[in-house]
Amino acid sequence: AAQHDEAQQNAFYQVLNMPNLNADQRNGFIQSLKDDPSQSANVLGEAKKLNESQAPKADNNFNKEQQNAFYEILNMPNLNEEQRNGFIQSLKDDPSQSANLLSEAKKLNESQAPKADNKFNKEQQNAFYEILHLPNLNEEQRNGFIQSLKDDPSQSANLLAEAKKLNDAQAPKADNKFNKEQQNAFYEILHLPNLTEEQRNGFIQSLKDDPSVSKEILAEAKKLNDAQAPKEEDNNKPGKEDGNKPGKEDGN
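Counting from 1, position 54 in the sequence shown corresponds to residue 54 in our numbering; the numbering is continuous, with no gaps.
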């Protein structure tokens, strides 16, 4: 049963993130997964086939950029439906403009951010992303939390804690230790600031493939994140030859 649970959860994530399925198709696959978790691998295979067959036939590099822009725009909290749909449509019409469209969408999203106290804004956005990625909430629960976040950003920390509690309570009862380690690694990797999208997605995929090595994957991700950190922090690292000199004369 644990095996089915894990396969179902993995299939769940993947189907939710397939950009070329329409809502009907996506919901159909999700329903099938719920109805019979033992068929998760088959349902996922079918969903992938359909997703690929409906993919825009653009150059592959654009395809990746388009997909990245797609996800980000879908998760921008301050766009209204009309704006979001407009950007998505433009992405479909011309994938080669993905980078430009994404930066335009980001600009609009930022300009429409609630003018609440900035601290709340940051907390709200953090809670927003985390709740979007809690794997064990159903759509109704997720939408409820998102709505509450929009209604009162000052409650972001409490809402996030509540959402996490519910998510944990609804977690598949697979080997709980791995499940918790995997989820912990999942969140941390999502928040490592110096990874590229490709690196982040690679680590997330590895976590899905083998939750039992979650700790090792997280350690590897952290190492890479540290290695790619902006270099100005070097001055503060003890152990550099001249790091102990006050004022640091070499001008770096």
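Treat the hints as calculated values from the structure; they're not laboratory data.
The reader is advised that the hints may include incorrect statements.
As the list claims (entries may be wrong) - Straight line, CA to CA, 30 Å or less: simulated DSSO-like cross-link-like pairs of lysine-lysine:
hint	residue 1	residue 2
1	K231	K215
2	K64	K215
3	K164	K92
4	K106	K92
5	K215	K107
6	K49	K231
7	K222	K122
Each hint tested on the structure:
Annotation: proposed proximity of K231 to K215 holds, straight-line Cα distance about 26 Å (limit 30 Å). Restraint check: the Cα-Cα separation between K64 and K215 comes to about 28 Å, which is no more than 30 Å; the hinted pair holds. For the hint pairing K164 with K92, the CA-to-CA distance comes to about 34 Å; that exceeds 30 Å, so the pair is violated. Only pairs whose Cα atoms come within 30 Å are accepted, and K106 paired with K92 is accepted, the gap being roughly 18 Å.
A C-alpha spacing of about 36 Å is found between K215 and K107, which places the hinted pair above 30 Å, so the restraint is violated. Between K49 and K231, the direct Cα distance comes to roughly 43 Å. Violation of the 30 Å bound is thereby established for this hinted pair. In summary, the hint linking K222 to K122 is supported, as the alpha carbons are separated by about 23 Å, within the 30 Å threshold.
Violation of the numbered hints given earlier is confined to hints 3, 5, 6; the remaining hints are satisfied by the structure.
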